[in-house]
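Chemist: Chains as they are written, first to last, in the working numbering: chain A, 3 to 254; chain B, 594 to 1001.
Simulated from the structure, these hints should not be mistaken for laboratory data. Hints may be right or wrong, so weigh each one.
Simulated restraints on C-beta separations [what the hints assert, rightly or not]: (1) A:N65 - B:T928: 19 to 25 angstroms; (2) B:V879 - A:V238: 45 to 51 angstroms; (3) B:K753 - A:K233: 18 to 24 angstroms; (4) B:G631 - A:D149: 37 to 43 angstroms; (5) B:V879 - A:K249: 34 to 40 angstroms; (6) A:R37 - B:A622: 20 to 26 angstroms; (7) B:S639 - A:D88: 22 to 28 angstroms; (8) B:V839 - A:N65: 39 to 45 angstroms.
Heads up, simulated BS3-like pairs for lysine-lysine below, C-alpha to C-alpha not over 30 angstroms straight-line [stated by the list, open to error]: (9) A:K78 - B:K703; (10) B:K676 - B:K756; (11) A:K78 - B:K787; (12) A:K79 - B:K753; (13) A:K235 - B:K753; (14) A:K233 - B:K703.
Calculated Cβ distances over 12 angstroms to all of chain A for the following chain B residues [stated by the list, open to error]: (15) T610; (16) E744; (17) F746; (18) P760; (19) L842; (20) R893; (21) A947.
From the three backbone atoms N, C-alpha and C, an ideal C-beta is built for every residue, glycine too.
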Amino acid sequence: MAHRGILVDVTKCIGCGSCVEACQKANEQPAHEARGLDAHSYTYLMDRGNDTYVRRLCMHCENPSCASVCPVGALKKTAAGPVTYDPDKCMGCRYCMMACPFGVPTYEWHSAAPRVRKCQMCVHRGAAGPACAEACPAGATVTGDRDALIAEARRRVASDPKTYFQRVYGITEAGGTDVLYIGPREPAALGLPAVKTVGPLPELTWNALRHIPDVVLFGGVFLGGLFWLTKRKEDVARAERAELADKGDHHA
Amino acid sequence: MLRQRLAAIRLGFWSATSIVMIAVLAAIAYLRFTRGLGAVTNLSNSFPWGLWIGFDILCGVGLAAGGFAVTATVHILHLREFKPIMRPTVLTAFLGYIMVVCGLIFDLGKPWNIWHPIIMWNPHSVMFEVGWCVMLYTTVLSLEFAPVLLERFKLDWLLKLLKPVTPVLVIVGVLLSTLHQSSLGSLFLILPEKMHPLWYTPMLPVLFFASALAAGIGMTVVESWFSRRAFGKPIETDLLSRLSRVSVLLLALYLALRLRDLVARDALATVFPLSPVTVMFLAEIVLGAVVPMVLLAIPRFRRSPRRLAVAQGMVVLGFIFHRLNVSVTAVEAATGRTYLPSMMEFLVSAGLVAIGIWVFVLACRYLPIFPEGALAEEERVTRAAGKAVARPAPLAGSAAFDRTRIPG
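In isolation and in its complexed conformation, chain B is listed as follows (with noise of 0.2 angstroms):
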């Protein structure tokens, strides 16, 4: 009953939250479509990108990488025993592509000419690709959420129109992603002259996508972690544990490439004399992706759900780090210019991550996302039997749950 109730004020908080930060991107919507850019942001003619590319766009694609990750391994690798956490992942995913869409439209210039790309094409352009991957991959996650939806609705002969194209949906999510994460690196390719030789590479779209496989798993982590503690719900801490082996795997990968390519560039010595810029590179690199990897690699680490979950989030911090180093610190370091978000900049991506959440735990609540199906169904279940033996069951989940915490 307590879990109930702490899942009741949470999903109060967040619906407070929400609601303050619908009307205060409401207002500062009114003031960039009627004044512009210029009136909102501290974009300027000399740093036309900031923090809704390196935030909203770079890394609500980066950490939407749990979706197809976690979708390949049930279907497509069929280790069905990771399907508990799928259709979190895969809403998660839905969410952080929906917060994109967003984040472009507020950024874009002319957002009403969104859908160009669809007939005026310009193969050549990354951002061309990158628009088509937004247009197609938004579609292909709607259609693997959808069947949430649709069991919900108990729309039946839908879910199994459904069915047999899920495979070929799951695969064609995965090269959509991919080419996705990668060509979100390849957009910097064409600034040599306008990045520091720490964050420029030729190795950027391939670098993107193995630090997106890493985010997307740390992010999977953290969201079931989170989820299931705020709805009391047993936490999987075996699957996390697998999930984070592999998290290991990536990060040391992405690392060997990363060194490997500073030094074949001779870039490592840049980092002496030390400066602030350097101290960020340092910053992102160690406790972004080193520490997490050793403590991760830890076996006794791996066994509370808590520290895999302060793990992972580092990694996923480290992973943001990353982004808005190559969108602006590598920039402000190579040209000499400067950019601080303004104020509302902040606003306006702080308030998609709320709503994102809120979202999430609205849908939590009333879909069947869980294995157990819905939240507010489950506990209209659990108070009718209260009611009948006159004295409150336990919540099966809690006892899981504390079962789950290794003292020590």
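Next comes chain A alone, as it looks inside the complex (with noise of 0.2 angstroms):
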């Protein structure tokens, strides 16, 4: 697999929670209604009403805020999809929770030694998958490979315009997403996060990171230059109050 994305497509969800409880198991957390993101809960079931189920979980950007803001590398986009996280290098400053536009990553608020808790796309499981998209009896969470799964989603989007609305979520989102969704209405209206940022969120960081070693080189000549005229004046000035106070010794 070149790069694994899931694809939800909210229409054929049923709400049966198989993947909520897949996604517990396999994460070894134990079995739990849950009611939105937190240390144990890495999905769970939004009800829109009408019998429209959304999940929410990781969205594993292709150019993720949260690994790009880890001062310590701690959060990674993996080559082959899953942004990952190491416990053992973070530090706990939460910048990627501030980071995440959809607002997935957690923390456990009541550890000693807490960790920021997120999907990771199963990436213990290896080659098998996402435990969740092995769940689904309903094939509304799918996995494969991104590009197949994004002509697969605009296939269906585009044969069946009175079932879906007339867009995938993910492509453009923060700069494209490995985690896409179709559904009956807007994303907006399915409670997904109104991402209005089209390019990935890094480079607004990077605009002014980049300045840095310019910073350093013409404020260090600038400075260095500073010090060097101004002393020479102080040097001049204490040189000629010496040969002023001379000869008025020689006058006197």
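Two chains, two frames, a set of hints: combine them into the complex.
Modeler: Here you go:
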């Protein structure tokens, strides 16, 4: 598989919760009813009324904000797709949680050695892929190559305009994500975060960070120059004063 | 004598406050490190950064900006007349950075991994830059402060070693501070979706740098006034007035940048209709920048050190307001989430400030911070002289202190 993605087809979801159950099992969490993303729930189902159920999980961005802001590289975008997390590197600054436009990473607030928690697309299961896709009985969550999934999503949306809202969520959001959604209504009505930024968010930061070498270089030259010039002025003034005092002595 | 006694009372007050605060901080630290951040803070998954980041880190670093501004004035611009206020300012900056490190130890989930950025690099992360700036500039500040200790303990050979590298240290310090102040603004660049347009702007790093300079100088004036009054020292009204003229320029520059940016992004219109959020913005701009700028621009106003301190105090408060608005108000307004710091979060922030002031007062007593030397030393000399002449000699400082007051 070149680059793994997940496609969520909201119109097919029957709200059985198999994905949630499988997720908790695969991540060795005690079985419980998940009401939101938290330290023990990497996915949950939102009941949007009219038999519409929408899953939330990490979007696995193409250009993830969380990985870009992590000072120690604890979060990483792997070549295979998943955005993974290494708790041993993490120092707990929680910048990833601030930066994520989808509000995904959560924290173990009541632990003495807390970790950031989020879906890692079941990297630990290797080729078996995400447990949620395997468990879904309705074909609402499927996994596969991202490009193939995008093609499939576009085909479904185009072929049935009565059922589908004409948009694939995840192609442009925050520069594109590996988790894609299609559904009966617009993404915002489904409860998906309205991420307006089309390009990758890390570029906003890089626009500032790339000036650092220039600030150091030209700032250093400027300050060094100021030091040199004013020092010279001070030396000259001192020499003149000394000379004046000298002359004064002779005349006296 | 009265002033000496006053100084002693103040020391007693800060000592008592600090001992209570240290006990309180120890208790909160115990809870925090055994039961997690959730046990002592109101932070949550939807609001992961709170008062400790917004005040202890963002403001602690910003208020230390006087340190690099004044050392640069003395050592790079060779304006030697500013030397008397250099050491207290460097001490303030040093204590500010120590407060930042203490705040980080409370706030980081796993502070024992705080050294990780040294070996685990991610140059694309602003936090990585911030981490390095904290480490390097704290080192520079401790070297800039070192002469005080070396003089006190008469380690002249070390002093001689340090002297020739001072200009280099100062230049490196200014560069690091520039990067650090601006990078704290850059931290928020990746949050366009989560911040109110009155505060989110690509200009954040520039605005953070300009406002930190203004606040750093403001802090220098306030701290000079406070410490010299407390210890009955002459106040260098002329120096503080000259610094305040620079403040006027900096505030004008800041306001111009800020307004230009708001207009360019069509964000100024979001002030209306007035709401609690936009009132916070107006208070920050008007009370924290416009009013003190106008007051400090009036020559007559600048003649009273007390008024200088009040106006510069407004600058400092306006600065704190801006940092908290960026880190809390703007995020609340754009995401609809709410956050109010817990009592324990307040206590930690207040406690760190109180302990900082205590250490400052102690340092002034026992170390050569002021040009006249350590206060305790001076008192001993005065007392001895008093015994010899059988009549307390008037404190040289108090007369000069009174002269600086202009009636009306």
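Chemist: If you check the beta carbons of G631 of chain B and D149 of chain A, does the distance land in 37 to 43 angstroms?
Modeler: holds (42 angstroms)
Chemist: Given the hinted pair K676 of chain B and K756 of chain B, is their alpha-carbon gap at most 30 angstroms?
Modeler: holds (15 angstroms)
Chemist: Just tell me: holds or violated, for the beta carbon distance of V879 of chain B and K249 of chain A against 34 to 40 angstroms?
Modeler: The hinted range 34 to 40 angstroms is violated for V879 of chain B and K249 of chain A, with Cβ atoms some 58 angstroms apart.
Chemist: Measuring Cβ to Cβ, find out whether A947 of chain B lies farther than 12 angstroms from everything in chain A.
Modeler: Answer for A947 of chain B: holds, closest chain A Cβ roughly 26 angstroms.
Chemist: Taken at face value, is the distance from the CA of K703 of chain B to the CA of K78 of chain A at most 30 angstroms?
Modeler: holds (19 angstroms)
Chemist: Are N65 of chain A and T928 of chain B spaced within 19 to 25 angstroms by their CB atoms?
Modeler: Holds, since N65 of chain A and T928 of chain B (Cβ atoms, about 22 angstroms apart) stay within the stated range.
Chemist: Holds or violated: the 45 to 51 angstroms window for the beta-carbon distance between V879 of chain B and V238 of chain A?
Modeler: With Cβ atoms ~46 angstroms apart, the hint holds.
Chemist: That 39 to 45 angstroms hint for V839 of chain B and N65 of chain A (C-beta), does it hold up?
Modeler: holds (42 angstroms)
Chemist: Sort out whether K753 of chain B lies within 30 angstroms of K235 of chain A, counting only the CA atoms.
Modeler: Holds, at about 24 angstroms.
Chemist: Report holds if the minimum CB distance from L842 of chain B to chain A is greater than 12 angstroms, and violated otherwise.
Modeler: It holds; L842 of chain B is separated from chain A by about 17 angstroms at its closest Cβ, greater than 12 angstroms.
Chemist: With d taken as the least Cβ-Cβ distance between P760 of chain B and chain A, does d exceed 12 angstroms?
Modeler: Per Cβ check, P760 of chain B is inside 12 angstroms of chain A; nearest 6 angstroms; violated.
Chemist: Taking the CB of K753 of chain B and the CB of K233 of chain A, does the distance hold inside 18 to 24 angstroms?
Modeler: holds (19 angstroms)
Violation of the numbered hints given earlier is confined to hints 5, 6, 12, 14 and 18; the remaining hints are satisfied by the structure.
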